[in-house]
Structure formats: structure tokens, C-alpha cells
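Colleague: Spelled out from the first residue to the last, the chains are:
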Amino acid sequence: MRKNKKPKLAVWKFTSCDGCQLSLLDCEDELLALSDKVEIANFLEASRAVLKGPYDLSLVEGSITTPQDAERIHQVRRVSKLLITIGACAASGGIQALRNFKEVKQFISIVYAKPEYIETLNKSTPISDHVPVDFELRGCPVNKYQLLEIIAAFLNRRKPVISARSVCMDCKLKGTVCVMVADRIPCLGPVTHAGCCALCPSIHRGCYGCFGPKETPNTASLSRTWEKLGADQDDLVRVFRSFNSGAEPFRRESEIHEIKKD
Amino acid sequence: MGAKYVLQASQFQFLFDALTARGYQVIGPKLQDGAIVYDALSSVQDLPAGWTDQQEAGTYRLENRSDSAFFGYTVGPYSWKKFLHLPARKLKRGKSAEGEFHFVSENEEIPKLAFVGVRACELHAMTIQDKIFMGGIYRDSSYAERRENIFVIAVNCGKAGGTCFCVSMKTGPKASGGYDWVLTEVIEKDRHYFVVESGTGAGKEILAGEEILKELDCPLAAEAEIALSERIVEETACQMGRRLKTEGIKDLLYKNLEHPHWDEVANRCLTCGNCTMVCPTCFCASIAEITDLTGEKVERVQKWDSCFTEDFSYIHGGSIRKTAKSRYRQWMTHKLAYWIDQFGTSGCVGCGRCITWCPAGIDITEEAKGFYGDS
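Chains as they are written, first to last, in this note's numbering: chain P, 1 to 262; chain L, 1001 to 1375.
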């Protein structure tokens, strides 16, 4: 890092809903402190002013779904010293990775009046399929405190304090009663990466898996628990196919139940 | 044995008031989100009167009782651990000056708490944690101070749950010590009362307890009342939902570290960490230092952690327990075997929480049988 010069921060958007970038703007109280410490050099969601690279830290939102995306991500990597992806799209392909289970041409002809104008890849893929990634911040959307934590960790050259453990651990730290054991509500918490402060179980709903698979997820065992609670094969296909259907453990588990269904 | 008194159920509010008057915050059982949890109680109205629980591996249900017993349930998901070994706690704060961090300890306010409804297994768990946090050369001063400021009202169990096995672990259902008061709840046709016995220590809490008994003008218990209260606890001992064979379990587990049964458990284990979080003796925590954006302020934070996470066994080069098999084996062998070498007792008190609150319904008593089978 250059001495006496603020590090340059860039935020890049690929195929996504912009929600994760909004999480950065949501850091209202901390934005001033942040802009004091970094130069926001490229963040189109916030400002038209763009400074030239290279950039010390790039935050990348979105997945790769078009030939242009696939090319541009290499340019971003080239001008970034550190590349951190933000959100489920960038980490696993996002909700748009549902196309990966079908032929995308089938959708295009149904959805668009002039399909010939649409140029898109057959699959939605995570950033790490294309370029080396230094850290993947999970979530749909990301948690703003975790976003600040990775930036603070980067600025202070330390490891981010972000754990890949289960959502259950956060439920227990908060004192939430397990909705699955006490209320038979199917919950993805035991296989899902923590980070949301166990939001859904604390308002009496099962976890939807927004943060994708945790470290060592045993999806097969959790599916057996869900079956005991009354879930059928269709339910299990769908539950593993939401924001993180492109994440390997969830994709594999959903495919197992698709085969069982037929 | 100390003298036994009779406290009427209708006097329970006076007991709360007497504790409050002595500066204690009353903590006890109450209904929350479909379970009975320990929390601050504002009056006897908060007690789960008339409620009970049905517990099996991976399931917990609240049900109505046919009477209005205050303590007619077994144990809920959270033990008293959360008040003594806090789930998350700031240890120190640091400020940077001239390139160095200067730390100051966080000033903690230690509350005076009266625990109402502590079960025999939980008293044993507290004794085990006392040894861990206060017994060795590294004393946890926060735990120790909290521990010194509690008034413990134990309750002998009048009902055993489906996942209870305290009889196997010789930890219950009758409280054998570590309390200031112990109650046995008795419900007869037209009477609802508690047989009360003071603890045998000489601490200030005991004296406070005697004062309270005098204040409430509790009569000495009649022989018939004592006999009835004892029979209730004896009956509970016969209702255990589970049993764990403990004879020679330490050597058995040591001899079977590569037994194929570990793979079978790993097939079901979610490595979610729930068993360790609900266990009243599990004590692991991790400490992290977190700087703010400016890099000028840092906080050192301690949080409950678990041997079921990868980070927990992270050393130079990576995590040493990569698989579910190695993590479950670590937990179970520590609890039932290494613990004996380390602390002189089993790490399991037979409360059954790890069985009930495991979403996959893994049952430590059943898993242990897997090793007895062909040894």
C-alpha cells in the first residue's frame, strides 16, 4: 500500500439485483469513516466519478451470465490487488443459476418477443469459476456488518473474523428456541453458513439458506430430517434450489431428489 | 440432614419478593417460543404452571398437565450456563497510540441472581464447570464472580423426560448438594406445597435462606409430607427415558478410536454444533480481536465455540478435524472418556439435551451401545 495515500476501493456489478451494493450504501453511520479511510474510486451505484485503476480492493457483486461478463471479470481481476466477492450471485451463481438445470434457449423463446436480441451464456456461474478470488462474502444480500468487517480487516491487514459455521450456532448464542425440534418447522440452518445473525428462526421461520452451504454441510442427513417432518421429494428439490442452487452441495442434493422424484 | 419445612404454593410470590428484597434478580423457567427456558421472572405468574414437555431424540413438545405444577417439566434447551459462562462477552478494549495498542479490561457488572428450579443434573454440571473455570491455575474471574453471586434454589425432579438418563450418570433426580435450598413439589388432591430443605454450606446465601424461611413462617414438615416427597423423587428415578452404560466406558472408547461405528454416526451428524451449545458442561469458547475501520480501536471478544466447527481445530496448516467423524469422535470421547482423565469426573450429567436438540436425533446413549456391541 502506498504511504500517505488512501487505498482505492472499487465496486463492480455483474449479473445481480444490486442488493449487495445497497448493503454498502446502507452503512450510513459508517460511510463517512469509510470514505475517510479509502478512496471510493469506482462505485457507479453511488457516484458517476470514476478514478483510474489499479485498485487496492475490489468488491465484486453478481454472477457471470453473458460473454461480456466473462471477459470483463478478467479486466477487473487485472486492475485489482485484492478481489472480494459480495453476495450469493458472485459466490454461487445466484437465483439466476436456476437456468443451469435447463436449456436457457427454452426460456428465452418463451420470455422474449425477439429472442434473437438476447445474447447469454447457458449457465450462470460464480466469479471463482473465472478468476482467482481472495475472499467470498456470503449472503443474499450480504450482512452490512460483515461487509464492514472485511473492509476493516483489509485496511488493518488482518484476517476477517467471519465464520463458516452453521446458522444453528448463532441461534444458540442468541437464545432462540430451535424451530425444527420444538415446532416441526423445516429449517436449513444446520447446513447453512452463518452470517445473518439467525434472522428467520428468531422470527419463528425456518432458515431459507440465503448464505449458502456452511463448511462440511451434511445435506443428505438434513433431507432425512425434513422427510420425517413431512417434506416430499419435490419440496427437497425446491428448497435446495433457491439463492444458492449453484453451490455444489446444494446443487448435488437437489439433483438427488429430482432423480428420486421420477 | 437439615430440617425440612413446608412452603405453600400460594406463598411462592412471597419467596420471590423476599429474594428481590435482598437484591436478587429472580431467574427461572418460563414459556418462550414453544419451549420452557430460563429467563428473568417478574412474578410467579411467569412460571410455566400446568405445563410439561415431551422429549425424544430430535423432538420437543409442550403439553398441558392435568394439574398446575410449577416445575412439572424436565429441562429445556438452555441450561444455567448462559448466565455464568456468557454466550458472548467483551474481554478488553484497546486503543492505538504511537503504533501500539493499549488494552484495558472491560468493567463487568456482576448481577446478583437467584436461580429458581435448578435440577440435580444441572447442579452437577455447575460443579463440573466450577472445576474448569475456577479449579485450575487459569481462573476465569468473570465466571467466578458470577458464581459467587447466585442463590441456588434446586428442585428435585417430579418427572423424568424421554431423553433423561441422570440415574445412569449418578447425578439425579435427587439434588445431592450445591444448592442453597432444595424443593420437592407435592400436589395432593386439595394441596399444592413444597418440602423445603436448606443447603449444608455456611455461605451468606444459606443464612439469607434461613432468614427467608423464618420470614415466611414455614412450619416444619410432617413425617407423612416428607415421606410423600421422597416417594415422588424415587418414582422419577424409575421413569428414566434413557440409560447409558458407563462401566469401563473410558477404556472402551480409547480402544475403539478407529471403530467403524464412528463412520455410521458421521453419516447422520450435521456438524451443526447444537449438541455442544445446549450441553451444560461444554465450555469451549474462542477469542477474537476486532479492529474498527479506523484501526485505532480494537475489541477482544469471547464467544461460545464448538469442537464441531472447522475453525475450532485450526492450527498452522489447516483444521485438524476436517470430517464429521473426527469431530463427533472428539466430542463424545472427550465427554465420556478424556474428561475423566482431565477433570476426574465424566463430562456428561445425563440431562439429555444433546439428544433432544440434535436435529438429526443422534443419541449419545445409543451411540455408546454401538461400541459395547462387539468389544
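Just so you know, the hints here were simulated from the structure itself, not pulled from any lab data.
Every residue, glycine too, gets a C-beta built ideally from N, C-alpha and C.
Hints are supplied without guarantee of correctness; some may be wrong.
Examples of chain L residues toward chain P, derived with CB under 8 Å [claimed, not checked]:
# : residue
1 : 1035
2 : 1054
3 : 1059
4 : 1078
5 : 1097
6 : 1270
7 : 1309
8 : 1360
Colleague: Taking the hints in turn, state whether each one holds.
Modeller: Going through the hints against the structure:
1. 1035: holds (4 Å)
2. 1054: Residue 1054/L check fails; min Cβ-Cβ to chain P is 11 Å, beyond 8 Å.
3. 1059: holds (6 Å)
4. 1078: With Cβ-Cβ at 6 Å, under 8 Å, it holds.
5. 1097: Hint violated; residue 1097/L Cβ to chain P Cβ min 16 Å, cut 8 Å.
6. 1270: With Cβ-Cβ at 4 Å, under 8 Å, it holds.
7. 1309: holds (4 Å)
8. 1360: Residue 1360/L check passes; min Cβ-Cβ to chain P is 5 Å, inside 8 Å.
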